[in-house]
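Enquirer: Read top to bottom, the protein sequences are chains A and B. Under the working numbering, the first residue of the first sequence is numbered 38, with each subsequent residue one higher. Under the working numbering, the first residue of the second sequence is numbered 726, with each subsequent residue one higher.
FYI, nobody ran anything at the bench for these hints, they're computed from the structure. In this text the structure is predicted, and so the values were computed from the model without any measurement. Some clues are possibly wrong.
[Unchecked claim] Which chain B residues face chain A? A few, computed with CB under 10 angstroms, are given here:
no., residue
1, 745
2, 792
3, 817
4, 819
5, 821
6, 824
From the three backbone atoms N, C-alpha and C, an ideal C-beta is built for every residue, glycine too.
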Amino acid sequence: MSKLWLPRKHEAERLGLDRRAFLEAGATTAVGALATAALGGCNSRGPESASGLLAASTRWNERVEGVLFRHDAMNVAPAGAQAAGARFPSYFVSDEVPIWDEAEQGPWHLEIGGMVRRPVRLTLGELKDLPRTELRLEHVCVEGWSAVAVRTGVRLSELARRADVSPDARFVDFESFDDDYHESWDIESALHAQTLIVYGQDGRLLGPAFGAPARVYSPVKLGYKCTKYLTRIMFLPAANGGYWSDQGYEWYGGV
Amino acid sequence: MPTAERRHHPVVRVTHWVNALALTIMIGSGLRIFNSYPAFARKGETFCCYPFDGHKIPAWLTFGGWLAGARHWHFAAMWLLVVNGLVYLGFIYLHGEWRELVPRPGVTRDVWQMVEFYVGARKDHPRQGKHNALQRLAYFSMPLFGALAVVSGIAIWKPVQLAPLTALLGGYVWARYWHFLAMLALVVLTLGHVFMVFAVDPYSLRAMLTGRYDEAKSPEARNARPFVNLRAPRPARDAAEVPPQSAPDRRGQP
């Protein structure tokens, strides 16, 4: 070892970085660069070889979310929070705002089918005549924003009771007339007391931008799980993916 | 090598590098998620305390490619981060290393002395144990900010199922803000840490890789300030004190 590195007070400050330390520093930098490259670099989706691991981790996380789910966990919008009103973002997947055209498609109906003993078919008027629930909720979007709105509608658990859902049904698929948009849920989240078939927002009838005439809404699911422009609710023995879930977003999407 | 002592236990070394990887993935993917809504205000409201509302983080600092991909990485690496962190904390608790990390009485004075030394207002390196006072403070606060990041992260992952936790942090909007600030603190600590490793004590790299460390090369023994070891000898004022032949000698080495 070089004597240069023996502690000599104040002399030591004048010494240059020795070769060994230089090589070590260089080697570490190289390791770091390699690690970055292994990750696939910046702004990338990461290495393809990690996809299996990521899929397994997502399945595990969905199980954890299922375990964390409680029927008595409720969302209440903070008292001081302002309703988003017209600033509530509006999302749909069609090229234009989907509007149910009665002249062409006949009157709108909501169908409840699949593993049910009494299939239900409701007009908007019949839906509004059912026991009404009104909740002021803070919505959470997968993108990270949140927004407060008052939701008026009918508990899905109420509709499920009327349709006499089979105990073997484990999943629910919510279909729409917004192209082929649909999202399927676990039945526990669907039967949560705050899961509503919504026809009113902020005291008014649901507007076309927000899913008119009716949509599913629940604070226990991220926004993309809450199908707008609802046409059919199917109780199923197995999950049926969904518009965003099939494109790679987590299927469970719990909040 | 007779002068090299064991400095870091294998558990500490492994968890250190696993943590570096987990944090890199968490921060990169977290920033990609953040870019989907680079603001904190609830829709229809304003937020008091973030001046860069709506400005995205540069894409090259992000990881995951798109929102769903970044979320998959984020929610996978969170397990790595948490399990690794618990192994580390459990180990240093049981093995006693925590004594080298918790702030000691007089921490303010000790930290001030280190600052004075680094800016040149103090001649000699303050006496220290395994770590100097600034290091202690940094290595002690790192797990604290990590814990805040994890707790606030869980709070924004499950603001309904774990509503009491989210409420404790001031609700969803604020929990998201604490999550962001905890990340910022971790970034600042990490950048400072990496800077000091290269600028003051590059020999500590060996200690964190092989576990061995030569105390004779410690910053305390060398009286090392940032960069002083990377500079060529100053010819100007001190020239008379340095034998003229000594500098060419070193440069002449192969």
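Enquirer: For which of the previously enumerated hints does the structure constitute a violation, in increasing order of number?
Expert: Those not satisfied are hints 3, 4, 5 and 6.
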